[in-house]
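Q: Position chains C, V and R relative to chain S; hints supplied.
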Amino acid sequence: MNLILGLVLTFLLAALAPRLHALLKETSGWVFAMWPLAWTIVIGSLAQQVIEGDSVYIRYPWMSQLGVNLSLYVDGLSLLFALLISGIGALVLIYSGSYLKRHRYLGRFYLFILLFMGSMLGLVLSGNLISMFVFWELTSLSSYFLIGFDHEREEARRAALQAMVVTGMGGLALLAGLLLLGQAGGTLEIAALLKQGETLRTSPHYLPALALIVIGAFTKSAQVPFHFWLPNAMEAPTPVSAYLHSATMVKAGIYLLARLSPVLGGTAAWQLMVAGGGLVTMVLGAIMALGPSDLKRILAYSTVSTLGTLTFLIGLGTPLAAKAAMALLLAHAMYKGALFLVAGAVDHEIGIRDVRRLGGLGQFMPVTATAAGMAALSMAGLPPSIGFISKELLYEAQLHALHSPTLLAGTGVLASGLLVAVAGIVGLRPFFGHPIHRKRHLHEPPLSLWLGPLLLGGAGIALAIVPEIAASPLISTAVSAVLGKPTVVELRLWHGPNPSLALSALTVIAGAGFYAAQPFLLDIAARAHLKEWMARWGPQRGYERMLQGLNALATAQTRLLQSGFLRFYLMIIVLTTIALVGSTIIIPEPLSRWLSRIVDARPYELIIVVLMGVATLMAVLTSSRLAAVAALGIVGYGVALLYMLFGAPDLAMTQFAVETLTVILLVLVVYRLPRFTRLSGRSARLRDTALALAAGGMMTALMLMVLSAPLKSRLAPFFAANSLTLAKGRNVVNVILVDFRALDTLGEITVLAVAAIGVYALLKLRTE
Amino acid sequence: MDVVLAIAVGGLYAAGLYMMMRRSIVKLIIGLGLLSHASNLLIFTMGRLIRGRPPLIAPGAEALAEPYADPLPQALILTAIVIGFGVQAFAVVLIKRVYEIVGTDDLDQMKRTDEL
Amino acid sequence: MRSLLLVLPLLIPLSTAVLGLLIRRKPHLQRVLATAGAGLLLTSGLGLLVSVQQGGIHTVQIGAWPAPFGITLAADLFSAIMVVLTGLIGLAVVLYSLGSIDPQRERFGYYPLVHILLLGVCGAFLTGDIFNLYVWFEVMLISSFVLMALGGERAQLEGAIKYVTLNLMSSALFLVAVGVLYGIAGTLNMADLSKTLRSTPHPDLAMAPAMLLLIAFGIKAAIFPLFFWLPASYHTPPVAVSALFAGLLTKVGVYAMIRVFTLLFNPQAHGIDLIILVASGLTMITGVLGAVAQNEFRRILSFHIISQIGYMIMGLGLFTPISLAGSIFYIAHHIIVKTNLFLISGLVFRLQGSYHLKDLGGLYRKHPGLAALFLTPALSLAGIPPLSGFWAKLILVKAGLEVQQYLIVAVSLIVSFLTLFSMLKIWNEAFWKSAPEEHLTSLPQGNRLALLLPVLGLATITVWISLVPETLFSLSEQAAQQLVDPTEYIRRTLGD
Amino acid sequence: MEGKEAMISLILSTATRYLLPLLLLFSIFVLLRGHNEPGGGFVGGLVASAALALYSIAYGVAAARRMLRIDPRALIGVGLLIAIGSGLLSMARGLPFLTGLWVERELPLLGKVGTPMLFDVGVFLVVIGVVLTIIFALSEE
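Residue numbers (this note's numbering), protein chains in the order written: chain S, 1 to 768; chain C, 1001 to 1116; chain V, 2001 to 2496; chain R, 3001 to 3141.
Only chain S is shown next, with the shape it has when bound in the complex (with noise of 0.2 Å):
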């Protein structure tokens, strides 16, 4: 209950924060630190009790009628994710303080960062599948906002609206597999959920829920084809990097996947699918690190590729896979985002983040430089740093494999050992070497911007030096829960000389060796035209044939069916009328029989209707505007005549006086306009023809068929009984129009009403 009040706190910050940083100004990023802090503890506290393998789980209904829940379930996963999402937000909170210190719209930067640590705290301690949407989408939009930042460039806008719409329509997809998967399993609870793994996975929705639900986490972690958002992200302000996209939100997806692999895990499809998704991302992650020159672009390609391996790790499932993918979860968000954070920061003191264009920087800033050594060395994998410790693990992981494990090692070696190279380029190449920058007063930036890189790199290498204090028993637990099972795992350093080591000490060679021919892999590369080819045939490029296309197809279909021509309208609106109730039509009887039927006609009436089509004939065919209203005028009369023969007075006498008045009516506004001119051409006069003619054919089989079977009426017979007895009237129609019906009639007389108000201010308001 407490989590669930303090979620709705942070989202009431959130609302709050633009007032309350008006009122805190300069101190505003400390204090708001002070409630990812808070959330931290709260989150420790409940370690110790989830550690001990007591999960916690709350429910509070939201929509239950759909099994919606806001439910709580914490368990070792969530707990990680949860520490990890407060720990690193107070920080990044500290530092957004600072580093956009009198940002016109820090407020509001405030706003939707705490909006969003909400939403991934409430992503991941959710224990309902729909709840958990409702947060994930949450995070989305938050994100769309922090990389919309910057709004009045055109390029932001169009990254947020790129990461907007990759993200939202993996979440569309997400959607509608969650909703299979609790359809499955009967509930969307996740902890009920959980122990059912073996129906679910027979389930005939299975497969289809997998794959919806792998391309929701397989979009929002940015996998191979959809990971050209995250590099274009790169336009929000970094502290948004470090944080949403490398720490926390890109890591929803392998979140997801951990959370449901105990569900869906464990097959071939899902090997398939998640395994070789996340290698392909890892190895193509890794190599698209090496091309850009700007800093925060290189993080995030290495980004895309720590979470192929993640993604590939969760994917295998083994238990060893799912050690080395926790304490690989662990040790990324510690040092990508100090690296993050000592972009942010070099950027911030030198507004530079062209590595080719930097060096020599440690001399200014040695904290800064300490910070970035210490995450470069994690992130390196050299000892002695959790990032070690975890590609260890990864190696022992990929030779422990079912299938193929060298292959699965060698693809390790060489994403790893280009990461060795990407930590050189980032972490150590802008400080070390001379300094290419000349500019003078060239200094440490504040406290608040290097305290984040700085307690992150150095918590990279704490926790690998003591692993047993926070890392081996964080990680068993979540390891656990990815597991299904009670797992122990013990992370050390040194478990002496073994394969792995062996891999490890190859990776670090070949890091060199890509670190020293960057340049002439780069060289290689143009030669090549790859850069062209990607530009043609890469996924960035299929973005936007896709919006293009949307556009085009949008456009050609408006233009298409909202053709603005009146006859066109009227034209499907009798094609449909034709289709649809044409279906319906039978014919119950013989030709003979209404032959003899209409033989019944007296000759009088039978003179009416012919004149009555010789008008109708003539309003058509004559060109005169005159000819054409009096011939519409003979219709009403002859319809009237109808109604007078067939025992209809009151009919006949309104027919006859509402004739006249139209006549006049159209007399007096008619011999104002131009005359009739022949506007359409032959064949689509005979088109048009074809078309009223089946029409009104179309009616007239209509009525036949409604004609051949009797009518009782159920109302007629009371109203004979009771006109004269209980209304008072003889004349039925009108005591039906002022007492059966006046309902009705009291309707009729308002639009008459209206209409009369409607000709007056049509002639008489003139606006324009």
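Everything labelled a hint here was simulated from the structure, so no lab data went into it.
Misleading hints may appear alongside valid ones.
Stated by the list, open to error - No farther apart than 20 Å at their CA atoms in a straight line, the calculated lysine to any residue pairs in the SDA-like style are these:
| id | chain 1 | residue 1 | chain 2 | residue 2 |
| --- | --- | --- | --- | --- |
| 1 | S | LYS712 | V | LYS2425 |
| 2 | V | LYS2026 | R | ILE3070 |
| 3 | V | LYS2358 | C | GLU1115 |
| 4 | V | LYS2366 | S | HIS103 |
| 5 | S | LYS101 | S | ASP150 |
| 6 | S | LYS764 | V | ARG2154 |
| 7 | S | LYS25 | S | PRO446 |
| 8 | C | LYS1111 | S | LEU561 |
| 9 | S | LYS531 | S | ILE287 |
| 10 | V | LYS2425 | S | ASP150 |
| 11 | S | LYS485 | S | PRO319 |
| 12 | V | LYS2366 | S | ASP150 |
| 13 | S | LYS485 | S | SER55 |
| 14 | V | LYS2425 | S | GLN557 |
| 15 | S | LYS25 | S | LEU100 |
| 16 | C | LYS1111 | S | ARG559 |
| 17 | S | LYS728 | C | GLU1115 |
| 18 | C | LYS1111 | S | ARG567 |
| 19 | S | LYS764 | C | VAL1102 |
| 20 | S | LYS728 | S | PHE718 |
| 21 | R | LYS3112 | C | PRO1059 |
| 22 | V | LYS2425 | S | PRO319 |
| 23 | R | LYS3112 | C | GLU1062 |
| 24 | S | LYS712 | C | ARG1048 |
| 25 | V | LYS2425 | V | GLY2369 |
| 26 | R | LYS3004 | R | ILE3070 |
| 27 | S | LYS101 | S | LYS485 |
| 28 | S | LYS728 | R | ARG3105 |
| 29 | S | LYS764 | V | GLU2437 |
| 30 | C | LYS1111 | V | GLU2153 |
| 31 | S | LYS712 | V | ARG2198 |
| 32 | V | LYS2366 | V | GLU2437 |
| 33 | S | LYS728 | R | GLY3060 |
A: Below, chains C, V and R alone, put in the same frame as chain S:
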């Protein structure tokens, strides 16, 4: 006779729809007029035809004597005629104003509000 | 008491309108009267809703003539919900009009016309008689014609021609359907028709009027391929009128469709449910693509109405209790959100003098409050959780999955994504982009309250539905239950 | 030519002067007999408005408006008010809206009198108001 009227109604519908699909707003109005005649006559026929027995209770009688024309469709049509008149009057004046403002009676020239 | 509650939603707007006609030379009094009338309508609607929820379906025999001989008014939960929404939108639009409608339109009967429109809408929701439904449709229609054309600007008139013509087609088809129904069943009371049509010796005959009504209501509801009148005209009148239309009019078509295809006809006969589902999918797609193609604030919103009508009838096409509940939930959510978006587009117009996205910009910077006000309904419309549109979508998607209609579910999800896409387009252009030129003014002081109050109020309701969706949903579920099993409706109407 | 037109208008105006009261009287007759014979508020209203329209042709719209004293649009309002009022009377007695109430005794000339006839009077006035509003406005163009 009902068969004859069914055919007549079909003809009126065909003529009305044909006129509505022209480009001239005047023809559009005439088409609407024909369409409303067709609908009213259709309902009238649907109530089944009885010759010359209006639903008026004869002096001295307490109730309508069989056979009588069904009064209900008549009342419905009456309502429909009056509503139709109101709508028609408005539509007629509307096209007058449209012509004055837009300056043409050609509906094909009135698609600005649909254009992208 | 019950019969009073049923009649008040008709009497209040009618009397307000008539009194308004009589005092049309006193603009100040007119405004007070119009506001009071709308407030009373909302109150009476709420009273009706509470009463129906406690006491079951209400009926009253107008003129004390027993059903099916006279006209019966009947309110089940669905009707009552719709009447409340009508009152709500009426009040919001009247308030907004106080701050935005020019004195000339006021002099020429603007407020009475609005109230007669509300009368027609309420009448359509409350009547239990198919011909009377036609009459209320006409009342609603003619007042909408006049409101559409009132002012006589060129765009208004061009739009009105199409609006009037195509809606008259719909009326003609509706009238024919009523005639044919009478020709088959000899009765007009819908409950009685339900009974008669279920026991008719010629069940096939009833399919023709069913199709006619499907098309007639389909035109009013603006479903594919009958929606053309809507995008041609909704963006032409003053924005208060657009908002009123956008909120209520198409929904009357949807209401009628749901009413008729639950009470009179079995939608599972003759493949009607399939037709509705196909139409629903195509309506969603063509509507949203239309919105994607547009570059004008109100036109984007207009096309979104169409695509969202698709969701509403999707629930009818699936025809399960939960899917119908989804439709009702969707209608309620959409009426509030869509009206609000139109009103907000009006605020933007007031600030920047245009509806064209290319002329807009800089609103996020200068008017963060307005930006927040826009985001609430916009994101809700796009189905972003946890806003009301998300719940509406979720119910329908879940209902679709339950009956294995995967195609329509996929379509609905893709369309919701495209909706988001085009909402973000508005956000991008009008709010994020820097202003093409510095022409940002602030809202006129005197009218601020009238303009902002309805927007704020509707947004608050949206937030409330979003956070506590259970209330509206359980109401929708009960309403759907009454629709799925109409025996109670029939019993209460016919009294046996 | 001018003399001929003046002649026609003289004949018309003279005829109208005598026709108007007759036609108005006839319209009321049509209205009242409607409950038992063909006729009623709608047709009655049309007759009355035809008479007044004739007057407006003979003497001009301004004169017709003056003679009518009340704005035709107000007539619409009044008519609607009467129609609604006739329905509300029964509600005051606890009966549903628009329930017919009848005076027990037959009145001379009018016969049975009840709220449905009052309702028809409302219809009659609305129709006059509507037709005149439209015709006057069109003639003033």
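Q: Which numbered conditions among the earlier hints are violated in the structure presented, ordered from lowest to highest?
A: 1, 17, 22, 26, 27, 29, 33
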